[in-house]
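Peer 1: Sequence:
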Amino acid sequence: MAIKTLLGVFLLVALPALASDGAALFKKNCAPCHGVDGSANTPAGKSLKAKDLRSAEVQKKSDADLAKQIRDGKGPMPGFKASLTQADVDALVAFVRALAKK
-19 MAIKTLLGVF LLVALPALAS DGAALFKKNC APCHGVDGSA NTPAGKSLKA KDLRSAEVQK
41 KSDADLAKQI RDGKGPMPGF KASLTQADVD ALVAFVRALA KK
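For what it's worth, my numbering labels the leading residue of the sequence shown as -19, then goes sequentially.
Hints are computed from structural coordinates only; laboratory data are not their basis.
Be careful, since some hints might not be right.
[What the hints assert, rightly or not] Calculated pairs, DSSO-like style, for lysine-lysine (alpha carbon to alpha carbon, straight line, at most 30 Å):
(1) Lys7 - Lys82
(2) Lys82 - Lys40
(3) Lys31 - Lys48
(4) Lys8 - Lys26
(5) Lys82 - Lys48
(6) Lys41 - Lys81
Using the sequences and the hints, build the whole thing.
Peer 2: Below, the structure is given as structure tokens:
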């Protein structure tokens, strides 16, 4: 029972921190093309034909697929594996998921 309680406390503390880290990472690394709302309605996003991260097309991808694309890039999108940790990538995936709910 104590382990479940500790796990619950950890999730209550860690998940908001993960989401806020995701927001900061997104603003720094993704928003220049995808926009702060994920719509890709920016000059760079339009010229690169960046995806609207809130769209069903993006949201139907698995977390693993999103993480791979963040790490490795795709098309004109650069990969971020050299500058982001796995925890950073996980935080970004969680943030992208949250964009669809806004």
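Peer 1: Give a verdict on every hint.
Peer 2: Okay, the hints, checked on the actual structure:
no.: 1; hint: Lys7 - Lys82; result: holds, 16 Å
no.: 2; hint: Lys82 - Lys40; result: holds, 16 Å
no.: 3; hint: Lys31 - Lys48; result: holds, 16 Å
no.: 4; hint: Lys8 - Lys26; result: holds, 18 Å
no.: 5; hint: Lys82 - Lys48; result: holds, 24 Å
no.: 6; hint: Lys41 - Lys81; result: holds, 15 Å
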